[in-house]
Every structure is written in C-alpha cells, then in structure tokens.
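Residue numbers (my numbering), protein chains in the order written: chain G, 17 to 1090; chain R, 206 to 532.
A few of these clues could be false.
Claimed, not checked - Here are some of the chain R residues that sit facing chain G, going by a computed Cβ distance under 10 Å:
id : residue
1  : 207
2  : 209
3  : 212
As the list claims (entries may be wrong) - Stretch by stretch, here's where chain G covers chain R in the computed footprint (C-beta under 8 Å, at least three residues):
id : region
4  : 256 to 270
5  : 276 to 287
Said to hold, decoys possible - Heads up, simulated EDC-like pairs for lysine to aspartate or glutamate below, C-alpha to C-alpha not over 20 Å straight-line:
id : chain 1 : residue 1 : chain 2 : residue 2
6  : R       : 331       : R       : 354
7  : R       : 351       : G       : 39
8  : R       : 280       : G       : 39
9  : G       : 790       : R       : 209
10 : R       : 239       : R       : 249
11 : G       : 790       : R       : 255
12 : R       : 280       : G       : 1014
13 : R       : 495       : R       : 506
14 : R       : 351       : R       : 272
15 : G       : 1047      : R       : 209
16 : R       : 337       : G       : 1000
17 : R       : 507       : R       : 474
Read the hints as simulated data drawn from the structure, not as lab findings.
Here the structure is a predicted model, which is why all the values come from computation and not from measurement.
Note that the Cβ used here is the ideal one computed from N, Cα and C, for glycine as well.
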Amino acid sequence: MPGKLKAKIVAGRHLPVMDRASDLTDAFVEVKFGNTTFKTDVYPKSLNPQWNSEWFKFEVDDEDLQDEPLQITVLDHDTYSANDAIGKVYIDIDPLLCSEAATVISGWLPIYDTIHGIRGEINVLVKVDLFNDLNRFRQSSCGVKFFCTTSIPRCYRAIMVHGFVEELVVNEDPEYQWIDRIRTPRASNEARQRLIFLMSGELQRKIGLKVLEMGGNAVVGYLQCFDLEGESGLVVRAIGTACTLEKISSTLPATATHPSNSSPSKDMKEPGFGEEAPGVPLSSGPPTPLRAQTFSSFSPSKSYSRQSSSSDTELSLTPKTGMGSGGSAGKEGGPLKALLRQQTQSALEQREYPFFTLAAFPPGFLLHVGGVVSARSVKLLDRIHNPDEPETRDAWWEEIRQEIKSHAKALGCHAVVGYSESTSICEEVCILSASGTAAILSSRFMQDGPLDTEHRLSRQPLCVFSTGSERVEGDMGSSASLGFEEVVSPGCGFCHIPYDELNIPFPAQLTYCYCCRRYKVPDVLFTTIDLPTEANVTGKGCLIQARLCRTKKKAQGEGNATVISNLLPFLEYELHTQLMNKLKLRGMNALFGLRIQISVGETMLLGLASATGVYLTALPSPGGIQIAGKTPSDITYEQHISNMQKKINDTIAKNKELYEINPPEVVEEIIGSPIPEPRQRSRLFRSQSESSDEVSELDLSHGKKDAFVLEIDDTDAVEDIHALLTDSPTPAGFYSCNTEIMPGIQNWTSAIQMFTSVRVFRLNANLTNQGLNKIFSDLCENLLKSLYFKLRSMVPCCLCHLNFTVAIPEDELIQVAVTAVAMSFDKEQLLENGKQSGEKTLIKAITENDEQLQFNLELNAETSAPNPLSSPKGLSEVGSHLSARASSVDYSSFADRCSSWIEQLKLKAHTIRRGSVKTTSSMEKASPLPEGRSRSLRSNRSYSGSSVAVVKMTPLSFIPGAKIIKYLGIINMFFIRETTSLREEGGVSGFLHTFIAEVFAMVRAHVAALGGNAVVSYSMKECVFMENPNKNQAQCLINVSGDAVMFVRESELESTSVQTQSATTHTSNGAEGT
Amino acid sequence: MSVELDVFVGNTTIMDKEVYQLWLNGYTVNDAVKVRIEGGVMEECEASAEVLLSDTMDQYRTFQMCERLLHHPAKLANQLLFQIPPDRQAMLIERYYAFDDSFVREVLGKKLSKGTKKDLDDVSTKTGITLKSCRRQFDNFKRVFKVVEELKGPLVENIRQHFLLPDQLARDYAAIVFFANNRFETGKKKLHYLTFQDFAFCAGQLINNWTLGAVDNIMEDMDVDLDKEFLQELKDLKILITDKDLLDQHKSLVCTALRGKTNVFNEMEANFKNLSRGLVNIAAKLINAKDVRDFFIDLVEKFIEPFSLCLLYMGVIKSCILRMYHD
C-alpha cells in the first residue's frame, strides 16, 4: 500500500439549474477512486455550493495510482427519485507521482457532461503521499517522467538516450458491447471515456516499466494514439524515446538566452507523422489467422529524396542486393570513422529497434541524415479475441518496424529518427503506417559513462567559425584528437551522405558539400525531423503541401484491401512528385517535418503530404522545372508550352525573392566526382507503364541547372502543372511552416495564438479523380486563406507547426482539421536579417555555444570532481546563485510572498515525506523563485475567484520571450460529446465549435490546477466527428495531449540575469574576435 | 458540393470589433459580409468573398455563444470557456450594453413588459434600427431593471458593479431604470423635442435629490423610488401661492437669486405669480402616481409653454412698442 491519495472538495460555481421549481440545485459530490467512493453532504438550494469537505483519503497501490483516474461526479440530490448527474471531472493524478512535476492539483475544473458539455465548475484539492517504495517486484513505474515534446525538454539535459519504447493495449469498445443497446448514450459515452482513461494509464505505466528496465527515468516524444476499430475493439498504443534526463538548474546561462533564437541548446519538436514511399517492398502474409494484405510500393522513376527504392515493380521480400547494407556504411570515411561508427552501431544493435521519436536533438547527436524511410501495410481487422494478449496487433507493428529498420540499413544508416506511427481505419480495413528519417547518430548519448561533459568540451573548437557558409578546417583535428567521435561541422554535417557513394542504393546526384567541400551531399534531402538549429540555411522556409484524392471502387473485405494496396503506391508516388515539383518551384532543396497522411474511405483515398521546404546552403541549388511537349510540330501548342514555361520560371524567380533565396555564388569545382560531369537529367513520368524506364537516355536540358523536366503529353501532367501554379502565395506579412520554427525569423514577440480549425466538405457523387483533386486542393488552400485572414491582426507573423489532419468520416465527406500556432515577430529584425540571415544564425549559434560552454567550464572549475555531472556541488552552487537573485524579484504583494514561503515550507515537508528524492530535485525545490511564483499565481487564481489565469497553449516546445522553468506533467485527455438536439445547438458547426472551445477550456483548467501557465507540444491527435442531421444527432470524440509547464517571462527574469549575460557577452565577444 | 462544417477556435478568442458591431446592429450574416466588402477589407488582406463569409459566420457563432455570458457580465471574467483578455471583455460588455438614443427615446418611461416588447417591430420601422438590435437593447434594459430593482444602495453604483459598465453608461442605465420604474410619460408629442440626454440629466437630478437614497444614507437606501414622504410634504408648497406674504417673499428671494443670471429675468419677474403657481401645482400633485407619470408633460404644459408663450408675447409686444414709440 505504497500511496495515499487525498482529495478535498471545496466549492462549486455556475452550476446549472436542476430544479425547475426553485431555479436552484441541491448539489453533492461523489469522489471515486478504484472501487472506493466518498460523498460530500448535500449543499441545498444553491448554484454556488460551498462544500468545504473533509479530506477524503484513498489508500491504494501505486499501480492503481498510475492506472486509475480520480473520478469526481457532481449530482443533484432528489428526495423522491434518482439523483440526477450534473457532470463529471476526471483527474489524471500521474503528474503528482513524479517528484519533479506538480505537487498538488488545486483549482477550478469544468464539470463536464457528454450530452450537455460544460456545466459549471468545481474547486478541488488533490494530493498524493507516496511512501518510500522499497522496490521489490515493481508493477508500477511511478516517477518516470513523460513528455510529449519531441526534443530534450528545456530545463533538462540528456545524459543518456536509451532508445525506443512501445506498448499497446486492447480492449472491447463499450460502444459496441451488447449492453450498449439498453443503456443511455450518456452511460455509454462515460464508459468509453473511463475505459480510455484507464487504458492510457495502464499503457503509460507499462511503458514506464520498460524505461526503468532500460535504466532511464523519462520518456521523451511520447506519442499515444487510439485506434477505434469499431466492432473489433479499441486499441491504445504508444511509442516514445526512453532517456535519462537531468534537471538543469533554472538560471544556467545557456537557458537565459532567447528561446526563439537558434541556440544549439534549443530543442525543437515535431510530432511528424510523416511517411514516405517505401521503396523496398514490404514483407507479406503474417502467419496468423488474421487475413492480411500487404503491399509493395515502387518508385517508378527517380527517387529524388534519399529514400531507398527499387527501380522496378518487382515484389521482393528483402532489400535489394547491392544496396548499402550495414557493412558497406563503413567504407565512406577513414578507418577512425569506421571504427567509431561501429561502436555506435554495436550500441544500437543491441536494441531491437534503433528508433527515436525525437525530431530535434542535442547538439552533436545527429551526425548524418540518409533520408525518409517509411512503410505501410493494409490489414483486415478482426475481433480481438483476447484483450489480454494483443499479439496480432503487436505482430503487425513489428512487421512494419522491421521493414523500417531494413530500409534504414539500406541507406547505410543505423538509426531512425523523427519516427512516428499512424493508422487509418475504414470499416474493416486498416492502413498501418510508420515513417522516420534514416540517420547516423553519435554514440555519445548512448554509452554509459560521463561522456557528456567531455563532449561538450570537445565541441569547443567547433565554435570557431569564419562567418558565412564555410567553416574553418582546423577544428576537425583538434576535436578528433579527443578521439570520441567523428566530428563534423554542425552546419552541414548532417547533410553528408551516410551511404556508400560507389554503391548508392538509388540513383542520386552527389556533389561535394557546398559548405565544407569535403564530403558528398545529395541534390535533395527529405526528412521527417525538424530543421537542426545549427543548420546553414539560405533564406526562409515555407509550408509545402501535396494533396491528392483518388477514387476507389467500393469493395468488401479482402477485395477491398487488395484494391487499396494496389492504389497506395500510385498515391504515394504522385504525392512525392507533387512535393518535388512544388519544392523546385520555390527554389528550395530540402524538406523537413515531412508527414504523409493517407486516409481511406469507402470510395476514395486521400493523401496529404505536408513539409517545410528550405534551402540548405550545403546542398546544390535546385534546377528549374522544364516543360516538354511530345508533339513539337504544332505551333500553338509550342506557344502554349513556352507560355507555361515562362510562368513557371517567373514563379520560381518570384519565390526566390519572396523567400530570400540568394545563395552565395560558389565556384563550381567538382573534383574527382564519381558522377559524370554533365548532370544526370531526370524526368518525370506520368504513366505507370513507363515506370521502369531509365531516364538518362533523354537529355532535354539546356543548362546545367535544369534538372527537372515535366512532360505534358497527357492530361494528368496538365493538371499537375495547373495545381503547381494555382497554389496561391501567402499574403504579405505571413510565413508558414509545419516545423517548430521558421529559419530566418528569430525576433519573436510574445504574442502567440494557438488555434484549431476544422472543415468538412460534402462532395457530389460521381466525381472524376481530377475533379476530386481540385476540390481537395481548394479545400486546403481556402482553409489556409481563411487562417491568414483571421490572423491578419498579428502580421508580421508566422504560422508555425501547421498540422493538417485529413479524414473521410463518411462517404462523400472530407474532413480537414488544422492545429497550429501563429506567432508575431518584429519586422525590423526581419528586414535586417533578410540580407544575411544565414550568417546571423551562425553567429548566434556560435555565441550561444560559447555561453553553454562557458557554463560547463565553470562547472568543471568549481567542482573539479572526476564526474562533474553527478556532482551536487556544482548544482548547489548554481542554486545559491538563484536564491540570491530571487530576493531581487519584486513580489506583487506581501500576501503573495507569504503564500510563497508557506508553500515552500510545505514543499520541504513534502520532499521529506517522499523520502528518496534525488539531490537535484531537492535543490530545485529549495529555490524560492519558481515555487514562489507558482504559488502566488495559483493562490491568486483559485481563491480570489475574480478572474481566470491566462493559460497559453502552443504546439511548439517553447514559448517565445519566456523561459520554461518547470514541467508539471503530461496532459492526455479524451472527451466524447454527443447531442440529440443538433439544430438547437447551432447545427454541426455550432456543436463542434462549442466542443472544441470546451476541450481547450478543460485543458487550460487542468494545467492551471497543476500550477502551470502554459501547455507546450500541444496536439489534437484525434477528432472524430459523426453526424446524423436527419435524426438531429451528432457525436464527436477528441483526444488532445501536451506538456503542462510553468514559464516566466524573460523580461521578469532580466533583472536577475543581467550579471550572467554581461559575463557571457564578454566571453563570446572574445571568442568572436579570435 | 458545399462546406458542411467550418469552425475556427483560438486559444485566445478572436473577435473582430467591426463584425461585433455589425452583429450588435442586427445585420444578417449576408448583409454583414456586404458591409465588410464595401469597407474594403478584402483588398487590404487579399481575401475573397468566400473567406469573408466563413469568417463572418464564425464570428457570429462566437458572439452567439458569448451572448449568454454577456447577460451576466460578471461571469465573463471568471468563466473558463473563452479566454478573452480583460480589455476585450470590457469592450464586449460596453458595446453590448450600448444603445441607440433614438431607440431609447421610444421606450423611455414605458413599462418593460412583454407588451412593450411586442411593439418593438413598430419601433424598429420608425427608427430604422433592426428588430434584432431593438430586442437586444430592450432586453438589456429589462435585465438591468430586474437586477437592480430590489437592490439596496446607490443605483448607479449597483449598475456599475453588476454589469461592469463604464461610468457614463451606468448613469444612462440608471436613468432608464428610474424612468421605467416611475413610468414617466416621455412619448407625448409635446416632449418630442427632448433628447434622451435631457431626460437622463433630469433623472440624475431626481435620483440624487428626490429619492430615498438621497435623503438618508442608511440601510433602507433605495434609489429607484421617489421618496413618498418628500412628495407628501410637497403639498405644503401650496402655501406659496395662497399666502400673499409668502408669495411675495418667495418672489423676492427668487428674484434676488436670479437677477443678472438670466436674460429673461424681466419676463420672469413680471410673470412670477403665474409661473410659481404652475410649479407649485405640479409639485403638490406629485403624491399621485398618475401625476408623477405626467411630471415632464406637466412641466412643459404648465410652466415651459406658458413661460415661452409669455416670452413670445412679450417679445412681440416689446418690439411693437419700441417701434410705435416715437419721441
């Protein structure tokens, strides 16, 4: 019985009128955990009851603490008939189980009913006392921290990155149980909500156990998804990256820098669901009783990204021979490099799946990027017979992961980063997709031992740059002499090919890196990760989307699966072609955050690929797009073509200006390139029959740069070009991307606006593919236009992390949901940066590198311990700095100060109770600044009752102009809303509008109750909307997640950090001078 | 083919002031879109009519969802559903409770009942204000009236606190409540020349001086009703016209006070007896509810009109005499 959960019901407000006669309510509350229920007294005749209950105490196993939510039900007492439920609040107490997260849940939480929505609020207090766990056979994994953020969270430092963790649990969906026929919709919805809550808790606990087994203490990039498989059940699955994290004391110099600056310590997040066409065919036929269809996709023409591809339609189970296998990878570099790589590789090979859900990495972690790898498979769902053994689902994912692994190998890579998994279900057909970016990682976070600091030190020479895109060569030697890893320039190193250039797994054009001129780079790079902060980029980036809609014959069962499998490769290929064309049209050469979503419906397939295009300075300038007709005899036709060509050229020129892409002219000197000097031309083929043709036989180019030819000998291509040119440019003052930040923009103001927009479009029957395509494309374009219009007051601004989700909720319906954040930035800075943004970034990066370095040196000097990282002295040193500074912070009122001290005392008591708490965390607790602030914030909010504290929400991992000082726990909420009076609630739009607003409100309230003032890495992972207007009914399910955090404005911190900053500026100036 | 569902929800609720005003004015979505197009917002932001329509619908929906909160402005501050910055909240409330002078003139002093509400379409036709807007304004009056009717304490302060209105608006509402409660007649043709602000000024004077709250600042502080005792005592003023001595004394006091302060002093002095009688008669009757209602019309009929008639008469005579006089 290692835990005691305590809950106190304080008061209610804004309750609905439950008694028509008196226009009042006799409310009481049931508090339930597990099988124990407590009740408050009835507070008669009030809409604002004051229960002020005693502390209800639940003595429970910590296993239950992790699995179960605290369930609070508000009821109206009725003497004669059954009590009426007003609504419920589910409280996830997981954040209270981790010593570094929240310590108490306290505040006003919305009372939610699945039929009526929010019905008033309730003020509760929840605490947990954990007894010291002597850790025998642990079933629980209390204390493991979870983060949705797909990078190392700010205010933590990664000591070890252990690797991939995954788990899934299945159950019957209550909605499909026999009992559902006799119970009310409310009961059914609540059963479902509760079940999913339980399942997520269980899943998290199981993943936590795996993390503990691996020796980690946290999961980063935690991605949890629901598969509503209908009749066949409910699957909750999660993936993440196990890490060992260490809290950085909150006023480290490095963190005092502006978070929106591209500092190397900065983390970015991109929960990319990106997928890419798998070149290597998928293994097929699971030996289970389940029928399954797998498909193989092929890339009929060139693979312009570095993805593994087979050059023909052959279906094979193994990677093509001749592709870079693990062994061939070593050939690329010198012997030292090979050795190092082998080291890393062996470290990775011990793992089943060398996957990382991270999309941004600590500096020096990501060495090379191979390209996007992805795999899909089409499965037929069958009832899950035994929920306790979800083996078939496990097997399905295992298959896909194996394939991803082999793809990565084929690219000469030993790891997959930016990894994600997703599904699309329609009736009994399910498409499973996984994708990531093949990469080579540094071993430094993957070996035991105190490597971290030494590596940081080894990075020092790297900071010596000459400005511009070239780096000083000297640093190679010095850092290499430290002998830990191959050291590459952070600005271009990741672009260098990881595979063997003599044995390229797919046709590609290699050139010497335009930055360092030492290694080979490909002509185009596609990835699912965020743009590394240290990357050298020319100009700005922009959102690039490929959209595709394909009709499909209605079919059943296996036949349907076959049809879908057959369609998928074409879909992916065309998406890929579109992406490529649009990328070229913008004069860019790389895609980041690529996410391809394929959605399946009864009569159509939807494909949406989103990514952020940039111009990587290290990669060659992309060639233009050239149009070629097949019948050159006709003059008008010729003219038509030349007109179009002109239009395209104009657009490219315009885009280059718009995105400020003017790469420094470099003298073309290709030395000893194995690639024939006249660049290989590539051509796009429209018809599938030609797919295996090689392209080099036709040289249509006039100049070196025209590497891309678009043939318009059929209608498809015309449509393509049309689509290419109709993408309307973003209005003045707007930029957009689907990654964390936009290269070239740094000066964010604190104005952010997170939003969700949903559109459902009804199609006419009998549309052609072309018609469908146009509609789908227009739908997305119009949605974007509406967003720009809505947010016009924020100009100049950038829509970051634009995350599109498409679905086919019914036949003839297309649903598009977008969640993103609009962030304003300072224009002057922009103009200034416009000219030399690349340079600027670089300098910034250097400066901040120095700051970070300086800290490390300082730390070493102070401690001079053999293992500086685990030395508590260094931390305490910083801690005392902190407390000294905190005294200068002006508390708004005396009361605040009092409450902060009281809280501090409480916290200390708490810490003691908890027993074995790490030194670092107790240090952190002892600092009055963050705790004091949080308390003052909360006490204002909870008890004054006058106004509601502002809670910011963002899909990004940071808040501009502010510093995250504490992570309070993961937010993972699932809601169902149903109505039987759709018209009265304002139709479908009114219904969904209210529901989304309610979900936001509940997220904000729970974050505030945890003591936070923002949620970062927020995402809406599921939005399933169903309607039946004839019956006046609608139902919607929403699943959201994110990390609750506490931040302080940098302006508030300034007074405290001036000293540090001046010191660092001094040193960085010195560094620049050298 | 159609957009079946289209929503936009921001973490901070986005509200366009211009659209809000159009909504308050009772424009339909389509009319609002037309107005916005004419306003040139499309060119400014490179938007299409479609985008404008979507935005307008969305905003309208947001306002409708907010409307029930605006009925209890204090709730707006501590509700959780919409995250609205405080300055925006104040704007929303102020504009929601703002009213048209031409509308309020039509209902001022009328009973805020269902019957009056039914007649709003006539008011709408007459004033050119949309029925929807009329209803909102009427409901606002009624809501404020209902809340402060039974409240103790100063009327203006009560309104300001319960509805979070700016000072001037709270005073105006106090006037409206006061007029509605006492059912002052303001609609007669003879009163048409008076603006709402004229009445509001008078109401302010009456509230400050003639109500219970004005007399004693104790618990029984009620600003809505006229002080009955005071009205009773007004009867005694009759003595000012019946008693010759007092009449003269009154006259001399008034004349001393007004000498040199008004350019119609002479006329006033000449007609003092008639004027004084008119006023005293009005005052003496105020104890009857019916006569309270006619207070303003009486003032006009029994004092202002005779006086201005007299002024007119005197003016003409004066000019004639001056003309006729030849020395």
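Hinted pair, alpha-carbon criterion (20 Å max): residue 351/R, residue 39/G. Please report holds or violated.
holds (16 Å)
Hint check: 10 Å Cβ-Cβ cutoff, residue 212/R to chain G:
holds (4 Å)
Identify whether the interface hint at residue 209/R stands, where standing means a beta carbon of chain G within less than 10 Å of its own.
holds (5 Å)
When you check the alpha-carbon spacing of residue 790/G and residue 209/R, does it fall within 20 Å?
Judged against 20 Å, a Cα distance of about 18 Å means the pair holds.
Check the hint pairing residue 1047/G with residue 209/R against an upper bound of 20 Å on the C-alpha distance.
Distance of about 16 Å is within 20 Å: holds.
Given the hinted pair residue 337/R and residue 1000/G, is their Cα-Cα distance within 20 Å?
Holds. Residue 337/R to residue 1000/G sits at ~19 Å (cutoff 20 Å).
Taking 10 Å as the limit, does the beta-carbon of residue 207/R come near enough to a beta-carbon in chain G?
Constraint on residue 207/R satisfied, holds at 5 Å.
Please work out if residue 331/R and residue 354/R have their alpha carbons no farther apart than 20 Å.
Between residue 331/R and residue 354/R the Cα gap is close to 29 Å, so the pair fails against 20 Å, i.e. violated.
Need the status of pair residue 239/R, residue 249/R: alpha-carbon distance at most 20 Å?
Satisfied, since the Cα-Cα distance of roughly 15 Å is no more than 20 Å.
Does the region 276 to 287 of chain R contain three or more residues whose Cβ lies closer than 8 Å to a Cβ of chain G?
holds (count 7)
Within a Cα-Cα threshold of 20 Å, do residue 351/R and residue 272/R meet the stated pairing?
holds (18 Å)
Below or equal to 20 Å on CA atoms is what counts here, so check residue 280/R against residue 1014/G.
holds (16 Å)
Hint 6 from the list above is the single one not met by this structure.
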